[in-house]
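**Student:** Place chain B on chain A using the hints.
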Amino acid sequence: MHSKRFWLVTMLLLSAAWAAPIASAAETPDPDGENLVWPPAPQPTRIRFLNSIATPEDIGRNKGWFRRVWEFVRGPVTEEMRKPMAVTADTRRIYVADPAAKCIHVFDEVDGDYERWERVGDDQWTFPFGLASDGEGTLYVVDSGLRAVFALDSDGDVRRRYGGKELARPTGVALDAKRGRLYVTDTPEHNIKVYGLDSGELIQVIGDKGTEPGQFRYPSYLSIDAEGRLYVTDGLNARIQVLSPEGEPLNTIGQFGDGSGDFVSPKGVAVDRDGHVYVTDAGFDNVQVFDRQGRLLIYFGTTGQSNAHFWMPTGAYIDDRGRILVADSYNQRVQVFQYVGEGK
Amino acid sequence: MVERPMNPTAACWLLLFALITTSFASEAARDISPKRECSICHVMWLNEFKKEDAPTLIPYEPLPVVDTGKQDVVSTERMCFSCHDGYVMDSRFAWENREHFHPVGVEPPANIKIPKKDGKDIFPLNEDGKIYCGTCHSAHGIDWEETFSPLFLRVQNRDSSLCLACHLDRSTGPAEGNHPVYKPLDALPEALKEGGAKFGSDDDVICQSCHRIHGAADDKLLMVDNDQSQLCGTCHSDRYVHSREQASLAGNHPVNIRSDKVKIPGSLLEQGAKLGDEGEIICQTCHRPHHAEKDASILVSRNDESSLCIRCHTEQKTIYETKHDLTPLSGTGDGQKGVCDECHVPHGGQGPKMWARPPGESDDAVAATCLSCHQDDGMAEQHQVGQHSHPVGRDMNRIDNQLVLPGYTASGVQQEQGGKVSCPSCHDPHRWDPQNPEDRGSGTEAGNGSNRFLRVRHAEDGALCMSCHSDKKKLAGSPHDPNRIATEFPDRAALLPQWTNSCNSCHRVHNGNGPRMWALDPEEGVDPVSSTCLSCHREEGIAGARTIGEHTHPIDTPIQRIGILASAERWIARVTNLFERSPLIVLPLFDKGGDRTEQGGRVTCATCHDPHIHTTGESERQARFLRIPDDREASLCRNCHTDKAQVTLSKHNLNITAPEATNVERETVGESHACAACHLPHNGSGAKMWAGIIRSENDPMAELCLGCHEEGGVAAGKKVGEHSHPWRVDMESADLDTQLPLFRDTGERDAHDGRVSCATCHDPHQWRPGEPRDESGASADVEGNGRNSFLRLPTAIDSELCIECHGDKRWVRGTDHDLAVTSPDARNAQGQSVEFNGVCSQCHTPHNATLENRLWSRAPGPGQDAMEELCRSCHSHGKLAANKQPGRARHPGDVKAVSTEGGWPRPGQDHGGTFPVYDAEGNVVRQGVISCPTCHDPHRWSVSAEAEGPGENREGDARNSFLRSKSAYGLCTNCHGMDSLFRYKYFHGESSRAPHRLFR
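Read top to bottom, the protein sequences are chains A and B.
Note that the working numbering has the first sequence beginning at 30, numbered continuously upward.
Note that the working numbering has the second sequence beginning at 6, numbered continuously upward.
Pulled out of the complex, with its shape left as it was, chain A reads as follows (with noise of 0.2 Å):
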């Protein structure tokens, strides 16, 4: 099925039937995991629960002898997440920013290993709370506390440190490598401060506080596209906005309130191959899809805590395999959900 017909048979029926055809799409998932597809059946699967990861288990890590002998001796090691605020992940990894815990998961899924990053240089992480990945085993963490971007290599290692005093509080970072800005929020200043890649100078700052267009209300969580665009968790304005490379408003997605495509506390907000756009909404606990033009094309999740239901989700990431990595703050794990996409 041609992609923009399948999001235009769903738009109609979304006017159509406007409360009963999303209520059971929302409300009647199998706790088996089996039928945790969206939209329903016999409608084309465009999204599937896939796995949820809580423990280096949930990657298939087998300890092996040597490591529970160690583990014997040394006592058992906490691994588990507190607080998930954002996932992102490269090639092999899936990184996870917990500042409950004070440290960043990295979960290896191709060895099935597990790290647990807790300092940054010599000093401890303070508030990791937003992530970003260059796919070539560079990750950017923004750290509230710290008040700072550190670019980390593959073993933990700070390469590079972006941003200084300018920074209040620094939350959703987002990279653009082939025009060679790393966009920071700066919640409190209410703008979103662009520094060179390569210079590391600050070289824009977006936006002011307002409702206008170009203006924000507590950003929060960034997103890029394939064009470069930026996409903005507008916080207490209940919206996305989406900007072109350059920091102008092109769109906003979405408005305050509790109708489908709406929201209350949209969170972190990620773009897959195909320009759709996934808001998690801390307010609703799911994850709304809109296309380009910020028209709601489906919605998944629920209050919960079984598979495919949401507890506060946060951050959410899109990998080049088109797995939707949601991170599910209070219930301390990151739900994956595969993009079956168009045609598949």
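No lab work stands behind these hints: they were computed from the structure.
Please note that the accuracy of each hint is not assured.
Said to hold, decoys possible - Across the chosen pairs, the derived CB separations fall in these ranges:
(1) Ala83(A) / His107(B): 26 to 34 Å
(2) Gln419(B) / Asp152(A): 54 to 62 Å
(3) Val111(B) / Thr155(A): 31 to 39 Å
Bear in mind the structure is a predicted one, so any value in this text is a computation, not a measurement.
Cβ atoms here follow ideal geometry from the backbone N, Cα and C, with glycine treated the same way.
**Tutor:** Chain B only, in chain A's frame:
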């Protein structure tokens, strides 16, 4: 939030509700733009919820059910944390420790009265009447400019005023059973500040000083963990200890320790007392900061009359109503002071026992506490221990047997091993009757051995005393066994009313009459130790049959007088200890007060005797309670008298020479001991406690010696003979001087006024002078000579002993009269040679002399007078000096010369003096015959030289030849005048005595 499928019925109700809400609230809602600020939190005010046809992503639920109970949706934590999750602020960490929150979702208990204002609750409950966040918090109606308490509280919480609005009953102070509040602190504890504690405007204690409303560390919303009273300890650090040692230093009841002895009763725990995680005693075991009893220092239970103390210290509750229950006396009936407090206070006492009557620097705190009452002007003035009381402070380790009674440390802690003796070693101050805890005494009775707070009933067998003094059990059945005495001497025992059981008959544990806690009247005039013994062993005493007599072993005399250097560990004899391989046994010595001494000390009865030991001797007759068995080798005597011990190696050890001989006590030495042949420690005769029958007071020593050395005596073979050296010689009268010992008539040594006795020349305890280890005399058959024979100095061959007194005779050595020079093979009348018995012996012998005159030891020769007979023993035909006879040996016997007083010339008197003249018996007289020694001094070769003889038989001339005169003619001219030579010539010349016409 609960998932609910929307069913038609619910939808209808929702629709209805929406319609109603819309119709009623439309006016009000119209002003609240659902897209504006309010709806950031009040999402239920969004328009979607009010449209009957509008589907919503979350169900309309203005009062959602959450885990804290029903509450308004805007005050769910979700609502707050959807923003305050870090990107605006992160408030979540204040919500850690979710289990330690001010309770929500519950109805307030009945005792909580929520204050009202204008008829409305200031702190509203939710629709179900339960506490929810909004009870205390509200985003509305607060002064946003207020910086003191920006917590959206409905009321300012300055000085915990908000807390107290509901919990006013927790602020009423100790009188109502609450921890004090609004009490200024000297210093704000760091641990509390770090935990987030708040303090009042004046740095005083408020609710939030201890409690944290959200995210507290411990139960009861406590700021700091308090399972080990850590919270209490932050302020009360002076009372917060972790060990008994720390508690001791602080003088506090220990906390954070587990007690092995004391069990916390379940009933106390039910009342609210707590224990630490490991069952330790903590502050809250006794105290409750809230809900404590009123007027009870926030104690779990009032401590009137120490009722709380004894809940745990149950073993001590037997003190009630005994004489040690002082509450009626102290007059502190206010409930704060109780039975225990008289001696122990849980805070601010001294030492580990928290003494309430600080003993200060005492090295026996518990005794000091006892004596604080049991003293003059004390509450127990009538029950004092007196000057002579059972000692305290002694080391329990000195007692060999397994301890039944406890020892104590200086600070008063009972010890399982060792420790020092103290009052509670015998007494349990908490229990009147050791066998009957219900017997508390009448409160006025003096008590007896069955009670009196004793730990063990002091029965007839002295069980209490024997708990420690088990070695005294050996007393039983002995002559010192009081029961036996009472049976055998009922009349005497009846004189002593206390003669009741074994120990108390003689000892009174407190208020004794003298040292050793002596119960009898001690004998006056002797040392304190011996006085106790003599209180019985005297004529009119219980042991009147066993007195010590007038002449007895000395007591109250320093041991060092006989050369013993004594310490508590070792005795060293200044005189060589003959038996070095067996070191001296340390015997008890005492100071003048009767206490045992560590260094030196005096001999008392108890030095030799242990009145409680009855093992020595197999027979009753030998039962002498001696510390060292007084065996035939005199082990006891020689332990002190090391200088006399060698007597056992001599003939004077009658075990060797006369085992059958008995002394005045009719004991053989085998039945008693070696020394007893001559000395009796008690009831002897004379100063030396002679063991013989002394018939006169003249010289008891000589009499004792002769008691054996006489015909029929055991030493009949060694008599002194008819002619023997005189004794009782007054040296001054004899114009003699000596270093040898002299003796008074009573037998004591006296170098100044003493006289010669047997022991002047003889040491009866040592066979050979200078050789105490010599054993050659240890045989009945051995014949002595001048080198041994118990002589103090040898006589062979230089007659050192004789010369010691008769120094003026010493120049005889080396002269012709020294037969070692002139006739070594000569023998005297007793057949003794010079070699055998010395120079003097060839002419004189001290015992068994041939003649009384000069104790002559040779057969006398011819002569007209006694002295001539002596000289001519040798100087006559056929005798040793037959070649030295004057042609006319004799001065005419019919000439009587007068010799002036002063005798003959002495060395140094060149020409002075006169020559001695003699009577017929040989005595020097004023008018007598001129005999050989008138002109000759047989002991000095030459009057002009103070020297021994030349050592060879040299022909003499007028300058020597034993002549008394220095000049050749002086001898004659002394009597005959300067013309005597002429007259001599006249008489002795060829013409002499020829018939003359004038004299014809």
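**Student:** Going through the earlier hints one by one, which of them does the structure break, listed in rising order?
**Tutor:** Per hint list: zero violations.
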